[in-house]
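Here the protein sequences come in this chain order: V and L. Residue 180 in our numbering sits at position 180 of the first sequence; the count goes up by one each step and never skips. Residue 858 in our numbering sits at position 424 of the second sequence; the count goes up by one each step and never skips.
Careful, some of the hints might be misleading.
Said to hold, decoys possible - Under the rule of at most 20 Å between Cα atoms (straight-line distance), these lysine to aspartate or glutamate pairs were calculated in the DMTMM-like manner:
#	chain 1	residue 1	chain 2	residue 2
1	V	K36	L	E772
2	L	K775	V	E327
3	V	K353	V	D376
4	V	K36	L	E556
5	V	K353	V	E403
6	L	K470	V	E327
7	L	K470	V	D116
8	L	K787	L	D743
9	L	K470	V	E403
10	L	K775	L	E840
11	V	K341	L	E462
12	L	K470	V	D376
13	V	K387	V	E403
14	V	K341	V	D194
15	V	K36	L	E840
16	L	K527	L	D481
17	V	K36	L	E761
Simulated from the structure, these hints should not be mistaken for lab results.
There are 2 protein chains.
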Amino acid sequence: MGETLNIALVGLGTVGAGVIRLVEENAELIARRAGKPIRIAGITARDRAKDRGVDLSPYEWVDDMGEFATREDIDVVVELIGGADGPALTLAKECLSGGKAFVTANKAMVAHHGLDLAQRAEQAGLAFKYEAAVAGGIPVIKGLREGAAANRLSRVYGILNGTCNFILSAMEKTGQDFAEVLAEAQARGFAEADPSFDIDGVDAAHKLSILAALAFGTELDFDGIERSGIRKILSADIAQAAALGYRIRLIGMAELDGSNGDARLFQRVHPYLVPMHHPLAHVEGSTNAVVAEGNFSGRLLFQGAGAGDGPTASAVVADLIDIARGEIGPAFSMPVRELDKVARAETGHRIGKCYLRFEVADRPGVLAEITAAMRDAGVSIESLIQKGRSPDGSVLVAMVTHEGPESAVAATLSALKGSPSLHADPLVVHILGD
Amino acid sequence: MGETLNIALVGLGTVGAGVIRLVEENAELIARRAGKPIRIAGITARDRAKDRGVDLSPYEWVDDMGEFATREDIDVVVELIGGADGPALTLAKECLSGGKAFVTANKAMVAHHGLDLAQRAEQAGLAFKYEAAVAGGIPVIKGLREGAAANRLSRVYGILNGTCNFILSAMEKTGQDFAEVLAEAQARGFAEADPSFDIDGVDAAHKLSILAALAFGTELDFDGIERSGIRKILSADIAQAAALGYRIRLIGMAELDGSNGDARLFQRVHPYLVPMHHPLAHVEGSTNAVVAEGNFSGRLLFQGAGAGDGPTASAVVADLIDIARGEIGPAFSMPVRELDKVARAETGHRIGKCYLRFEVADRPGVLAEITAAMRDAGVSIESLIQKGRSPDGSVLVAMVTHEGPESAVAATLSALKGSPSLHADPLVVHILGD
Ligand SMILES: NC(=O)c1ccc[n+]([C@@H]2O[C@H](COP(=O)([O-])OP(=O)(O)OC[C@H]3O[C@@H](n4cnc5c(N)ncnc54)[C@H](OP(=O)(O)O)[C@@H]3O)[C@@H](O)[C@H]2O)c1
Ligand SMILES: NC(=O)c1ccc[n+]([C@@H]2O[C@H](COP(=O)([O-])OP(=O)(O)OC[C@H]3O[C@@H](n4cnc5c(N)ncnc54)[C@H](OP(=O)(O)O)[C@@H]3O)[C@@H](O)[C@H]2O)c1
């Protein structure tokens, strides 16, 4: 590497254009901090003619992105296309075998192929970095990989999807239902036209799998994540939770259970009731926040903007500054061969409290039927509220259980399955424990 | 550096003993993350016989700490003595000229001599690191130096002293007055026997000066910090603030005003009224939190335990892991010669709202006297409450001003100075603006 860090930008959408603006606007500062200037030596995207709100004329456009993998005058290729496979992955492999450091914001690709890419990078002695892939502008990859590196981490969890948090906080404030708020978020550009990656928890799961691997020194296991999204949350649930002293947040939760030889990885993306005294209860709008609990550090919280051109570009360029400084090391904090392959935890044994909500027929005996099923399964009820009435005449029964095994709650639900008293699938929301 | 990172520990008090426990307990994990084991090759403190709650017999005790500066078998010296000058500073200089990397938790020394030491480290090509010096276990030095490195930062501020935050939150919860809570905190070991470094804001000011230098690329200027502590906060102030929708926190606030050529550094440690919607309002007990506002990242928040053996050791060992990985660079994010020397901001021009509290005689005309002084100085009042009565018969008048220059508030106070209506110096608390 010479007196300049020469980068190629592949993908000039929201994040790509943000990186150009950032590298231009903060050029002098970056050079002082990085020890050398960052120069955009080449760019590409699909459509050369598209107006991207930045002047591209100073930069060399290349039609074939594969060229960057071998060009002498490039040190780092920055991939901002997206997609777990396809051109992003092909490019990553070509770059790492072509001697180029590789920086990406692509959580889908890192979640699915991160270990393969990290191993290629290690073998080639190249940097592979992805700060922007998790929680946008928040330096949480660095926080775990380096800041908390001295700790055995027991849990890492957080609010990992800004769209979901935006929707949940808006429901909280306005009392509107999910569908209304989603439509508004889409109209205002806070949610994609096809929002399923966000609201069904896929995006949060991508990020969670990366955080878990880094935190615990385990292999990535995206497929091992138990996942559900926020579609089924009613404004009545949010009101109920508030009355009980909680807020509802979509949380990605990872925990390493048990000790060394017998460790098991628990990963879940799910709505949680968060007690008001917990900092995550106060994370509003599209903000993200990650908590890591270390055996010496205690609870660390990292919070900030989880997406957007500016914050995401900030994380991409932080990676570039690290590379310019020569501060690079194993992408997952330790060499890939050192990562543990651990079994998945069985969730049934987990102990916790949860919130249950039933939409039931408005007639005598229904509550007795539900509470009998709970008694039979050994679920004990801490509080219960029967309230409201849907347009279709059903009644909402909401309750919070005492601490108990999740399997007992599951047994209750299967006992009630198919009961004509239930007008809809019951909702289970876990309660975030300390 | 060889296959092991060999360290010497100087100072075996709270933090030193914590480092030993951490290095022992997490040894295997640290070796995997650091790429090599960390070995404690030598230790020292004042009193060899003292029981420190850890078994020191595996470690070589050395009477003269200066030995470590030149011993062949040491890579890094870790200073955990404390004190801005004296043995800590002598050791630091000897180590950096003796070819040893240097890690410290000593905010007083870094605040006063950090640039000198950083320059020596640069010249010798050695690491000089101090993550533990600011906000204990929170990796905020790394967060600013690396995570936010791509940004022009406009403000950095936070809750930097756990003792003060513990006292303020306890006053909030119990309604007790400052002196009572302090006595209790001392009895429980949360506050020093001589608490003045904490409660008068000196400790927070040490940390603030370091954060400001890192964030803005400016020289350290501890003496430029406008500082006051929390001694004068009454439980009535806290109740008043709560009624108005605020919590009182001791905040270290640094801001770089104006543009490049004409930039001015504003640094203040002061109690602030923090609006309830701000994350710092929810930081309770001895927790610390730092906010950094970048031109691309937006607002970043780092929160966690600001002190204690475990968290502080976590930060010390994070520095050691960085060194083992070879991830070292300029201590203040850029070489010392690149740091800007900027003038101090004049605080009078600053615009803001503030909370004013007067203890006045309980007789007619006093309120008119105060409000006339405010009118004459051009201070406009947003809300005013006259309430409570001290044992000595005086009345508390609390008010919040509209936005305006701080100089106008100062003018009000000097106009009222010496007035027999005032039973005590008025209290001014700034209101944290967005
Ligand atoms: N947006 C955020 O806030 C955010 C936050 C964190 C991480 N990320 C991640 O950052 C990456 C980029 O996101 P984005 O929001 O910037 O996406 P985007 O706005 O959709 O931009 C994608 C860019 O990739 C280009 N592209 C797509 N397929 C291509 C191909 N086959 N060949 C060449 N160029 C191709 C597109 O070209 P055209 O413009 O010519 O169509 C476009 O410029 C994704 O991995 C995303 O998950 C985004
Ligand atoms: N405590 C925290 O939570 C915390 C958090 C962040 C940063 N820090 C910083 O960490 C440093 C250490 O703090 P601490 O709380 O661990 O202090 P501490 O408990 O008072 O320990 C200080 C240690 O230094 C030793 N020492 C003092 N003078 C010495 C001398 N002249 N020669 C050799 N050893 C000497 C003492 O030896 P003896 O034990 O033999 O008397 C003791 O072991 C300070 O700079 C502090 O500001 C502390």
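Going through the hints against the structure:
This hinted pair checks out: K36(V) and E772(L) have alpha carbons roughly 13 Å apart, not beyond 20 Å. Between the alpha carbons of K775(L) and E327(V) the distance comes to roughly 27 Å, so the proposed pair goes past 20 Å and is violated. Note on K353(V) and D376(V): the hinted pairing holds, with a Cα-Cα distance of about 17 Å set against a maximum of 20 Å. For the hint pairing K36(V) with E556(L), the CA-to-CA distance comes to about 16 Å; that is within 20 Å, so the pair holds.
Straight-line distance between C-alpha atoms of K353(V) and E403(V) comes to about 4 Å, which keeps the hinted pair within the 20 Å bound. Simply put, K470(L) and E327(V) have alpha-carbon atoms about 17 Å apart, close enough for the 20 Å limit, and the pair holds. Distance check on the hinted pair: K470(L) and D116(V) sit about 23 Å apart at the alpha-carbon level, beyond 20 Å; violated. With a C-alpha separation of about 39 Å, the suggested pairing of K787(L) with D743(L) is violated against the 20 Å cut-off.
For the hint linking K470(L) to E403(V), the alpha-carbon distance of about 43 Å lies beyond 20 Å, and the restraint is violated. Pair hint K775(L) plus E840(L) does not hold up; C-alpha atoms about 25 Å apart against a cutoff of 20 Å. At roughly 17 Å between alpha-carbon atoms, K341(V) and E462(L) fall within 20 Å of each other, so this suggested pair holds. A threshold of 20 Å between alpha carbons decides the hint, and for K470(L) with D376(V) the separation of about 55 Å lies outside it, so the pair is violated.
Between K387(V) and E403(V) the alpha-carbon distance is near 24 Å, which puts this suggested pair outside the 20 Å criterion. With a CA separation close to 34 Å, the supplied pair K341(V) and D194(V) exceeds the 20 Å bound. Between K36(V) and E840(L) the alpha-carbon distance is near 41 Å, which puts this suggested pair outside the 20 Å criterion. Distance restraint check for K527(L) and D481(L): the Cα-Cα separation of roughly 23 Å exceeds the 20 Å cut-off, and the hinted pair is therefore not satisfied.
In summary, the hint linking K36(V) to E761(L) is supported, as the alpha carbons are separated by about 17 Å, within the 20 Å threshold.
Hint compliance for this structure: hints 2, 7, 8, 9, 10, 12, 13, 14, 15 and 16 are broken, all remaining hints hold.
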